[in-house]
Amino acid sequence: MTTTTETADPWSSAAPPADRSMASDPWGNAPSADAQASGSSWLTASSEQAPITNTWLDPFQVEWFDLRGIVNTGVKHLVENFRGFFDVAKQPVDWMLEIFTLALTSAHPFVVIALFALVCWQVSGWRLALGGIVSLVFLGAMSVWDESMITLALVLTSVFFCLLIGIPTGILMSRSEGFARALRPILDAMQTTPAFVYLVPIVMLFGIGRVPGVIVTIIFAMPPLIRLTHLGIKQVPADLIEASRAFGASRRQILYRVQLPLAVPTIMAGVNQTLMLSLSMVVIASMIAVPGLGLMVLRGIGRLDVGLATVGGLGIVMLAILLDRMTQSLGRDARERGTRHWYESGPIGWIYRQFKTQSKN
Amino acid sequence: MSIKLEVKHLYKVFGDEPAKAIEMAKQGMGKDEIFTKTGMALGVKDVSLQIHTGEIFVIMGLSGSGKSTLVRLLNRLIEPSAGQVLLDGDDIAAMSDEALRNVRLKKISMVFQSFALMPHLSVLENTAFGLELAGISVSERHEKALQALQQVGLEAHQHAYPDELSGGMQQRVGLARALAIDPEVLLMDEAFSALDPLIRTGMQDELVQLQAKYQRTIVFISHDLDEAMRIGDRIAIMQGGEVVQVGTPDDILHNPANDYVRSFFQGVNVSQVFTAKDICRRKQSTIIRKTLEGGVVAAIAQLQEADRDFGYVVDKEGRFEGIVSLASLWSAEKSGKSLMAACLLDLPTVNADASLSEIISVIAQAPCAVPVVDDHQQYLGLITRAQLLQALDREEGTNP
Ligand SMILES: Nc1ncnc2c1ncn2[C@@H]1O[C@H](COP(=O)(O)OP(=O)(O)OP(=O)(O)O)[C@@H](O)[C@H]1O
Ligand SMILES: [Mg+2]
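Protein chains in written order, with our numbering: chain C, 1 to 361; chain B, 1001 to 1400.
What the hints contain is simulated information worked out from the structure, not anything from laboratory work. These figures come from a predicted structure and were not determined experimentally. Worth double-checking, as some hints may not be accurate.
Derived DEER-like restraints, expressed as beta-carbon distance ranges [stated by the list, open to error]:
1. C:Leu172 - B:Gly1064: 20 to 30 Å
2. B:Gly1135 - C:Ala289: 31 to 41 Å
3. B:His1223 - C:Ile321: 52 to 62 Å
4. B:Asp1091 - C:Gln91: 22 to 32 Å
5. C:Ile321 - B:Glu1079: 37 to 47 Å
6. C:Ala189 - B:Ser1048: 49 to 59 Å
7. B:Thr1201 - C:Leu172: 22 to 32 Å
8. B:Leu1210 - C:Leu172: 49 to 59 Å
9. C:Ile321 - B:His1159: 29 to 39 Å
10. B:Ser1139 - C:Val111: 22 to 32 Å
Every residue gets a Cβ at the ideal spot worked out from N, C-alpha and C, and that includes glycine.
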């Protein structure tokens, strides 16, 4: 019992209507009905011969229910009727991405490098600042500056939205046991789904390009942040919560004055995870026409140009190391770095000291 | 004495059907029986107490007897299953959340066994925590917190963080945090158990001093009888969620309500618990009332009649004046001196509040029975060597 399904690929220019195959083929070279009928393609395994039925000896010959058909019609329905919704949902991501891309690509490289160095100095120390300068200059020297900045903009956009959605979700989970129980299987599904598989529904709903690329990255990279925010709040010792209650703290005060400050290192570990996952996903997302370093790697592989793939890969690794170090040192508090307050170190500390000596005089 | 905190028929059941467990408890079933039948734990069972303004009220009992549960019911960290907790007549158990928060912000504070200091806040910020929650401005709350830190002697460490302090210091920060809001009632759940004996005694003294100065009502949970005897004005003994006896340390020591209470006092170091005033006796015959002049002849007659060698002179208001002996009286009579001149020098007296261990050597070395006087020189009685030995002997026996 073969079902006739229509193609659900709104972007494809070459899809013949009422094709018997399920040619969800973004590359647009859908096999013709004839080629399929010859049975040469293993991808389209549905056969045209005498109707096959399930027997007791072979009960799984034919699907018992038509999931493929249901999904295809469901997605088609979604795309046809909710196009507007998905377009609107894309908008904020689009704007953020525009801002980051514009800022990073239009500024003079040295300005970007200097800014990075300052941030590194603040969050960690001069060592990381130096490392930052060296790795960014190296990226430039390989002449992949523009690609790097595009990738960085993609990653930053995705991390921005992960923070925006992930942290409140994690907090909500820690406050409502029911919500946590409902969300856990979804998070499990999000984390166990292979990165590759994400591309399918996203492409169906959002099409291809940079914005769908960022959206797929957000979905892929968010679960660890939600989980670690939840965990960080949950692991605040019960006696501290009890003490806060005994001194008259409201639930809100407990959250802001006790739970969140104590959860910061764990949340930062989540941010770090999210960042790393974003970077890895941005590379995979290059398959749906997302530009940047990932695309260089993909092209390198496609053309068997090992050199090109290496340059792209090295760029990604350097960005990854730099961002990893930066977020890791954010997780340590100022006291671990030998100062009492965060504003007493780094460039801000320098300005702070200038002001202090001035006010003393 | 006014009543600060009153508990009326308070129950706490940990389980799904508190009403059922309370009904069973009212029918006279014990905690264990209820637990095996229903799986519900009876934390506190029909407790009624009156705690007076300005007293140190100690709650004692074995592990699992419900002490922590009871004290957490007092500020409703645990919701009561039935009964009332009246603070100045207001029922805490029935208050709205807002009113309850206000009580916790201003009237009741708590010191925890585990310190429960915020690791991300400095000592000063920790101390000011309660004030911060109350929305008091930074400068004012830091000033008050600093005063509280001065009370516990830690103002020098105000910028340190909890993990940089010793256990004793951390506990003092915990105490300062509770004192900073200037509470009327201070709840302390085994606040000193985590401290070593030396620091612990110091903290107990500090607490008693602070209490005497500011007249706070303190509810103190302790495992340790010596501690309870030392600082408690009154003691409540808990067993299986019930309060089995309430009274002054002496009451409980002399008339234990049951074997459980009695068993507490086995192994108690009597020489630490009893003070001089507990064991001294008044022997009428040895008291000589002093008239203005003379009186020497009358004194000799009184001593001879009672067949004593020493006499203890007090004035009309009962203040202790000195010790005379028959020999000193006779020589005074010959030279025509007054009774006061007959008093022997360098014979010791002991203070009423001195513990037995402190007075053992004094009494052992004195040639006569040693008079006990209080801080106002009031004569309270005598301690002889025989009396002291008898008192110390109590330690071995089970009956007081
Ligand atoms: N959250 C809870 N859930 C269930 N049962 C509890 C809970 N808290 C206390 N209990 C029960 O209440 C009883 C009294 O416990 P509580 O902590 O008050 O004892 P305690 O006298 O403070 O003991 P300790 O000296 O060991 O601190 C115990 O039998 C315990 O099993
Ligand atoms: Mg306890």
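Hint check:
1. Checked against the hint of 20 to 30 Å, the C-beta distance between C:Leu172 and B:Gly1064 comes to roughly 37 Å, which is inconsistent with it.
2. For the hinted restraint 31 to 41 Å between B:Gly1135 and C:Ala289, the CB-CB distance of approximately 54 Å leaves it violated.
3. Taken as a hint, the range 52 to 62 Å holds for the pair B:His1223 and C:Ile321, whose Cβ atoms sit roughly 55 Å apart.
4. A C-beta distance of roughly 56 Å is found between B:Asp1091 and C:Gln91, which places it outside the suggested range of 22 to 32 Å.
5. Range check, C:Ile321 to B:Glu1079: Cβ separation about 52 Å, and the 37 to 47 Å hint is violated.
6. Against the hinted window of 49 to 59 Å, the Cβ-Cβ separation of C:Ala189 and B:Ser1048 comes to about 56 Å, which satisfies the hint.
7. Distance hint for B:Thr1201 and C:Leu172: a CB-CB separation of about 49 Å, inconsistent with the stated range 22 to 32 Å.
8. Between B:Leu1210 and C:Leu172 the CB atoms are about 44 Å apart, so this pair departs from the stated range of 49 to 59 Å.
9. Remark: the range hint 29 to 39 Å for C:Ile321 to B:His1159 is upheld by a beta-carbon distance near 37 Å.
10. Our hint of 22 to 32 Å for B:Ser1139 and C:Val111 is violated, since their Cβ atoms are close to 42 Å apart.
When held up to the earlier numbered hints, the structure conflicts with 1, 2, 4, 5, 7, 8, 10 and fits the remainder.
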